[in-house]
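Student: Below are the chains, spelled out letter by letter.
2 protein chains.
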Amino acid sequence: MTGVTLEEVDFEKLGGLVPVVVQDATTREVLMVAFANREALAETLRTGYAHYFSRSRLQLWKKGETSGHVQRIREIRVDCDRDTVLYLVEQTGVACHRGTRSCFTDPLLDQEATLP
Amino acid sequence: MTGVTLEEVDFEKLGGLVPVVVQDATTREVLMVAFANREALAETLRTGYAHYFSRSRLQLWKKGETSGHVQRIREIRVDCDRDTVLYLVEQTGVACHRGTRSCFTDPLLDQEATLP
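From first to last, the protein sequence lines stand for chains W and H.
Going by numbering that gives the first Met the number 0, the first residue of the first sequence is number 0, and it counts up by one from there.
Going by numbering that gives the first Met the number 0, the first residue of the second sequence is number 0, and it counts up by one from there.
These are calculated hints, taken from the structure and not from any lab test.
This structure is a prediction, so every number in the text was calculated from the model and none was measured.
Keep in mind that the hints are not guaranteed to be accurate.
Chain copies aren't distinguished; within one or between two, either way the pair holds.
Claimed, not checked - Here are the simulated lysine to any residue pairs, SDA-like style, with alpha carbons at most 25 Å apart:
1) 12 x 27
2) 12 x 67
3) 12 x 91
4) 12 x 96
5) 12 x 110
6) 12 x 57
7) 12 x 25
All chains should be modelled from the sequences, with the hints used to inform the complete structure.
Tutor: This is the structure we're talking about:
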């Protein structure tokens, strides 16, 4: 277990971004995946609340800024390649804009298996 | 909870790929993140074992094909935007090439907080 600095995070593979997996620190449910640039990670570290970079609006984004559904950071981990980040959070309200706690509710259908 | 077909998965945002979060189905530990194209998802559905697309080798890749550290699929879920996938797996051996069970072992250091 080695600490990783912000300078050591590899943002190059996705043009300045890293995928961020967001997991409920208590239930261990995977809540969502978003993307962060260097500034978003720095703001997350500085404030203790999850920040991301919106690929559609091209701007820094604090989760829950309008909805109130903020994510308090309990831990941030970086993977072995230094190109993916995991936030362990305390989720206020729900993570998904559809009103479900997690964005991952829908099964991928195995269509072959259902053929006659 | 609505089933999603392979045709409904959005591969466009990342040039033919979707990020795949891999979670241990029993312990709920996040093991790794990799990428899949349409073929990798189809092979995963067909075989019941996790397949990915290697961005460095530009080819389909079955996890554990050489190491034996395969991932048996228990569930596949797709997120609300249809552009990210979650594999819930039974991991044989370890997920990380460093020999740790998960790729996410290292904390991101808050350097500001450690300044005098």
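Student: Against this structure, judge whether each hint is valid.
Tutor: Evaluation of the provided hints:
no.: 1; hint: 12 x 27; in the structure: neither (27 Å within a copy, 27 Å between copies)
no.: 2; hint: 12 x 67; in the structure: neither (32 Å within a copy, 28 Å between copies)
no.: 3; hint: 12 x 91; in the structure: neither (32 Å within a copy, 28 Å between copies)
no.: 4; hint: 12 x 96; in the structure: between (28 Å within a copy, 19 Å between copies)
no.: 5; hint: 12 x 110; in the structure: between (33 Å within a copy, 24 Å between copies)
no.: 6; hint: 12 x 57; in the structure: both (18 Å within a copy, 14 Å between copies)
no.: 7; hint: 12 x 25; in the structure: neither (31 Å within a copy, 31 Å between copies)
Checked against the numbered hints given earlier, this structure breaks hints 1, 2, 3, 7; the rest are met.
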